[in-house]
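Peer 1: Position 175 of the sequence shown, counted from 1, bears residue number 175 in the numbering used here, the numbering being contiguous throughout.
Rather than coming from a laboratory, the hints here were simulated on the basis of the structure.
A portion of the hints provided could be inaccurate.
As the list claims (entries may be wrong) - Here are the computed lysine to any residue pairs in the SDA-like style, where the Cα-Cα straight-line distance is at most 20 Å: (1) 126 - 262; (2) 59 - 269; (3) 126 - 146; (4) 59 - 193; (5) 126 - 260; (6) 7 - 25; (7) 7 - 93; (8) 7 - 51; (9) 199 - 169; (10) 7 - 142; (11) 8 - 25; (12) 169 - 260; (13) 59 - 200; (14) 6 - 122; (15) 93 - 11; (16) 126 - 93; (17) 7 - 132; (18) 8 - 40; (19) 93 - 38; (20) 169 - 193; (21) 59 - 201; (22) 6 - 29; (23) 6 - 31; (24) 132 - 8; (25) 7 - 115; (26) 132 - 29; (27) 59 - 270; (28) 126 - 246; (29) 93 - 69.
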Amino acid sequence: MQATVKKKVGFQGVGLHSGAAASLEINPAPAGHGIVFRRTDLTPAVEIAARWDNVTPSKLCTLLDDGQGTTLSTVEHIMAALAGTGIHNALIKVDGPEVPILDGSSAQFVRGILSAGIALQAVSLKAIRVLKPVEVRDGDAFARLTPADHLEIDFQIDFVDEAIGHQEKRLDMANGAFLRELADSRTFCRQADVDAMRKNGLALGGTYLNAVVVDGARVLSPGGLRHQDEAVRHKMLDAMGDLALAGAPILGRYIGHRAGHAMTNRLLRALFADPTAWTWETCTPDLENRLPGAGVAAYGDLAGIEAVAL
1 MQATVKKKVG FQGVGLHSGA AASLEINPAP AGHGIVFRRT DLTPAVEIAA RWDNVTPSKL
61 CTLLDDGQGT TLSTVEHIMA ALAGTGIHNA LIKVDGPEVP ILDGSSAQFV RGILSAGIAL
121 QAVSLKAIRV LKPVEVRDGD AFARLTPADH LEIDFQIDFV DEAIGHQEKR LDMANGAFLR
181 ELADSRTFCR QADVDAMRKN GLALGGTYLN AVVVDGARVL SPGGLRHQDE AVRHKMLDAM
241 GDLALAGAPI LGRYIGHRAG HAMTNRLLRA LFADPTAWTW ETCTPDLENR LPGAGVAAYG
301 DLAGIEAVAL
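Go ahead and model the full structure; you've got the sequences and the hints to work with.
Peer 2: This is the structure:
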């Protein structure tokens with residue numbers, strides 16, 4: 001069945017790039033509504049559906065654009081949290097152009113969703129089944145979707161900094177795997193990149209507390225890493241959020257090699273451009289049990305998840 005939150009839940013923080021105060025509120029929505037963001041700082045308020053065809057290419061984050069000049073950036077972490085908890089319908093109110101970065105992961109969004117509760121709705125859920133391989137490339141980087149009976153994410157990264165280096169991980173995203181394995185993994189960057197972004201007026205809200213910052217072999221963020229492979233886990237978290245912009249759960253294996261937000265969006269565009277590459281499938285109880293949000297309400301307040309105190 002489709003699902004929404006039982007009651008509204010709010011979050012306070014700052015925008016990663018502007019450094020300005022930012023607040024966000026997840027509200028219940030009826031079946032068939034989908035995930036929709038509302039910019040409440042504008043008069044009249046502007047709504048943007050969280051959909052792949054509303055994404056404008058961006059290297060630093062996932063940016064939604066209504067096509068009329070209104071944008072909303074850094075939606076990937078909350079989209080991952082919604083997908084990982086099985087929320088299909090929500091009205092998300094944001095009072096500015098950026099989603100608050102919080103601690104740089106999805107953990108606080110997940111905590112809020114679970115504390116609000118998950119309400120099942122009396123309407124069947126449809127999933128997107130991948131029927132044949134689809135791939136996009138940029139040099140030696142690529143993203144690929146292949147058929148599978150559940151959502152699987154397989155990611156590889158390579159960085160010159162010894163604190164990251166080569167990392168790879170593969171997960172079946174069913175049965176709360178997102179909550180257990182990925183939700184608390186933070187965004188990461190190199191100190192040299194932070195310096196360059198700030199010279200260009202970006203990353204003004206970034207700190208060592210809402211990102212893992214590395215310099216060669218050193219991890220500069222206090223407390224170090226939450227996982228030895230936190231970097232690749234966060235890339236998988238990003239992919240989860242970007243794939244959620246398909247508008248429905250995906251039954252397929254996502255393979256990313258040095259892929260980013262823009263490439264995953266290109267992959268979705270390639271998938272939907274080929275009507276022979278995918279089909280709608282109404283979820284049976286057995287299929288629902290293989291989706292990322294199945295059974296997550298049993299985790300309560302992130303119990304059993306390897307997350308630091310937030």
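Peer 1: None of the hints should be skipped; say for each whether it holds.
Peer 2: Evaluation of the provided hints:
no. : hint      : result
1   : 126 - 262 : violated (25 Å)
2   : 59 - 269  : holds (17 Å)
3   : 126 - 146 : holds (19 Å)
4   : 59 - 193  : holds (13 Å)
5   : 126 - 260 : violated (27 Å)
6   : 7 - 25    : holds (10 Å)
7   : 7 - 93    : holds (14 Å)
8   : 7 - 51    : violated (23 Å)
9   : 199 - 169 : violated (34 Å)
10  : 7 - 142   : violated (40 Å)
11  : 8 - 25    : holds (7 Å)
12  : 169 - 260 : holds (16 Å)
13  : 59 - 200  : holds (14 Å)
14  : 6 - 122   : holds (14 Å)
15  : 93 - 11   : holds (10 Å)
16  : 126 - 93  : violated (25 Å)
17  : 7 - 132   : violated (39 Å)
18  : 8 - 40    : holds (15 Å)
19  : 93 - 38   : holds (5 Å)
20  : 169 - 193 : violated (25 Å)
21  : 59 - 201  : holds (15 Å)
22  : 6 - 29    : holds (9 Å)
23  : 6 - 31    : holds (13 Å)
24  : 132 - 8   : violated (39 Å)
25  : 7 - 115   : holds (9 Å)
26  : 132 - 29  : violated (33 Å)
27  : 59 - 270  : holds (19 Å)
28  : 126 - 246 : holds (12 Å)
29  : 93 - 69   : holds (18 Å)
Of the numbered hints listed earlier, those contradicted by the structure are 1, 5, 8, 9, 10, 16, 17, 20, 24, 26.
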